[in-house]
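There are 2 protein chains.
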Amino acid sequence: MPSVNLNHHKAFQPICTPERLLLGPGPSNAHPDVLKALSLPPVGHLDPFYVELMGEVQELLRYAWQTSNRLTLPMSGTGSSAMEATLANTVEKGDTVLVAIKGYFGNRLADMAGRYGANVQVVEKKWGQAFSLDELEEALIKTRPAILAMVHAETSTGVCQPMEGIGDLCRKYECLLLLDTVTSLGGVPLFLDEWKVDLAYSCSQKGLSCPPGLGPFTMSSRAEEKLANRSTKVPNWYLDVSLLNKYWGSDRVYHHTAPVNMNFGIREALRLLAEEGLEEAWNRHRTNAENLWSGLQRLGLEMHVDENLRLPTLTTVKIPEGIDGKGFALHLLNKHGVEIGGGLGELAGKVWRIGLMGYNSTPENVSRVLNLFESELSVFDKIDSAAA
Amino acid sequence: MPSVNLNHHKAFQPICTPERLLLGPGPSNAHPDVLKALSLPPVGHLDPFYVELMGEVQELLRYAWQTSNRLTLPMSGTGSSAMEATLANTVEKGDTVLVAIKGYFGNRLADMAGRYGANVQVVEKKWGQAFSLDELEEALIKTRPAILAMVHAETSTGVCQPMEGIGDLCRKYECLLLLDTVTSLGGVPLFLDEWKVDLAYSCSQKGLSCPPGLGPFTMSSRAEEKLANRSTKVPNWYLDVSLLNKYWGSDRVYHHTAPVNMNFGIREALRLLAEEGLEEAWNRHRTNAENLWSGLQRLGLEMHVDENLRLPTLTTVKIPEGIDGKGFALHLLNKHGVEIGGGLGELAGKVWRIGLMGYNSTPENVSRVLNLFESELSVFDKIDSAAA
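Heads up: the protein sequence lines correspond to chains A and E, in order.
Going by my numbering, the letters in the first sequence line up with residues 762 to 1149, in that order.
Going by my numbering, the letters in the second sequence line up with residues 762 to 1149, in that order.
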């Protein structure tokens, strides 16, 4: 036997994390009960207790999403893995996928769809706007896609896409409706079945108050049909819902070893959401966001998105002229332990992103961030000038 | 706004998990310090603290695997996602992939490779045996693959494949060597660089004493070269190492929101392994396994695998004639809180699988399982006859 090489042997100290209030685009702080659940000793992924817990997670997810879809489950990866799963399972080579792009995550959907061999067509809006029904109908007529993919809550812009009527359009033009609900689940009204959504995905670390690591996924019977009629295997074993269905369905056939502790966490997170009630949670997010918006306006700051399209979970604030936005965010993190986000893609350097999601959507956090903007923006301005 | 549908609203109790000693094929029990780390409040995935932690995880993984590969990181999914990543990144349509199959996970590699358009060729051995160098060389000459994929520690059979000389064969016949180390990392001697392994993956929940949810992945510069020379995008956005490299490398460009708490956990798990020392951990696994084997033999039980090929982490024990193996395992779980595994695939109903991995590889657990086999196998036999 060779001898052990110690080049990469490092004696690190036990982990000691800094205290952070996470008011960026996510992750958001987790609920303490969720963190407790995460640290419970694992059980086997075929243990009768765990199998029962899987059913509970599925049922609670259906409630949170307002869907009765049989195939509703958390993918064993982050939200991005569930995003990929919606496309991997339904796109076949040559299928036209129409992506309605109004921000960073629309672009990602287009990138992903292309990797699955789709004929990707796009319809675009400026970052900060939403689509009208007419714009979508025109694009549907022009491209006649198999799937219309779009983002409900654009995390890069803070826009909430109005959904009324879009599902009906997709039925009319015979395509599936695929919806990103990463920044809406648990914080913003969502009615998947009412809206006739066929495929949706989300994450665990925003409105659900759980750490990142699971990707809620759901699929309607119309989408199931497309999966069943595939002429080729799903080009991704890990995300293949026809296999996952045998584990999450009544057969309980081993697929992969489930991330059991993350599922303890999301079960608890979803339970707490059900305990609070969806409408109560949505109202809480709305009220706190409105207070944030009016407070920021009182400080002379401007929102990037029109009020009627603004997400209650994530607010984009224009960085005032002359302020180093990245420097200010770093100052809040390093000196005050508060994380806010910078702009992404087109909006890099132009906006901050302030999240009030799940456990973090509280009046106290609204005050905290407003007070910091009031006291630190001016101080920071001075620091900035002094350094210059 | 529609009204909220309460069909799927369930008022579940706060989570309360049963106590389990996990002596099956994994997950294994996690180290208490790892569970504590998991429950720390999350930080942002671009937080300077987190970015430093990523580097620590990478360095500790290099030590655990005995590799200096730059691209060494945990995939944000379970071991199966890392398994898929090794193939997704390197296989291009039409590439010949030779899979050396001697159990369930070899078959899975073949299934996965096919999904990426590989021309899959196989060489097979009976479940319970390992390959000789001659057998592999013959198959390499016959198929001239771009990749030879095989399993170091077959979790379905309990066989440890001797690795000496295989890497040299792969250099001679100009192919990459891809190795499954799911049930060996942390528990069985592994020298990736010495063995000239180009691609490897593992899991968090066995030898590392962390819950399932991360998939350690590593890639040599030879494999990087194959990735760099692809004529098409990696057909999987989530697992695309050329993108992940920008986040895990020095650029720190956002790819997906990392499962930060799981990474807290694996950082602690790897730190504890480095603190113990690799050789010490390997010796501990070997000693405890040998005591398990001799104890089982004293009870008249027979191992499925020849001693020279036996894995110290996972033992396959033949189910004696007349015993309902599944019923016995369920009895241990329900009456004694001890999980052992049943057979998988070809070995279903024929063997039990007993794991002594990571935190669970202790003399106390060896005694516990031997005492249970001694007292319960006979009791169970009576119960079984009484019920019949």
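In case anyone wonders, no lab produced these hints; they're calculated from the structure.
Please note that a few of the clues may not be correct.
Claimed, not checked - Far from chain A, by Cβ distances over 12 Å, these chain E residues were calculated:
| id | residue |
| --- | --- |
| 1 | Gln827 |
| 2 | Phe892 |
| 3 | Leu1004 |
| 4 | Met1064 |
| 5 | Leu1131 |
Stated by the list, open to error - As a list, the in silico DMTMM-like pairs of lysine to aspartate or glutamate whose alpha-carbon atoms are at most 20 Å apart:
| id | chain 1 | residue 1 | chain 2 | residue 2 |
| --- | --- | --- | --- | --- |
| 6 | A | Lys771 | E | Glu780 |
| 7 | A | Lys994 | E | Glu817 |
| 8 | E | Lys771 | A | Glu1041 |
| 9 | E | Lys771 | A | Glu853 |
| 10 | E | Lys1087 | A | Glu896 |
| 11 | A | Lys771 | E | Glu817 |
| 12 | E | Lys771 | A | Glu1036 |
| 13 | A | Lys886 | A | Glu896 |
| 14 | E | Lys771 | A | Glu813 |
| 15 | E | Lys771 | A | Asp794 |
| 16 | A | Lys771 | E | Glu853 |
| 17 | A | Lys771 | E | Glu1041 |
| 18 | E | Lys994 | A | Asp872 |
| 19 | E | Lys933 | E | Glu955 |
| 20 | A | Lys771 | E | Asp856 |
| 21 | A | Lys854 | E | Glu853 |
| 22 | A | Lys797 | E | Glu780 |
| 23 | A | Lys1007 | A | Asp856 |
| 24 | A | Lys1096 | E | Asp808 |
| 25 | E | Lys771 | A | Glu817 |
| 26 | A | Lys771 | E | Asp1012 |
| 27 | E | Lys1007 | A | Asp872 |
| 28 | E | Lys1096 | A | Asp808 |
| 29 | A | Lys994 | A | Asp794 |
| 30 | E | Lys797 | A | Asp794 |
| 31 | A | Lys994 | E | Glu853 |
| 32 | E | Lys1087 | A | Asp1012 |
| 33 | A | Lys1087 | E | Asp1012 |
| 34 | E | Lys771 | A | Glu986 |
| 35 | A | Lys1096 | E | Glu780 |
| 36 | E | Lys994 | A | Glu896 |
| 37 | E | Lys854 | A | Glu813 |
| 38 | E | Lys771 | A | Glu820 |
| 39 | E | Lys1096 | A | Glu813 |
| 40 | A | Lys987 | A | Glu935 |
No experiment lies behind these values; they were computed from the predicted model shown.
We treat Cβ as the ideally placed atom computed from N, Cα and C, and that holds for glycine.
Original post:
Any hints this thing doesn't respect? Which numbers, in order?
Top reply: 1, 3, 6, 7, 9, 10, 16, 20, 23, 26, 29, 34, 35, 36, 37
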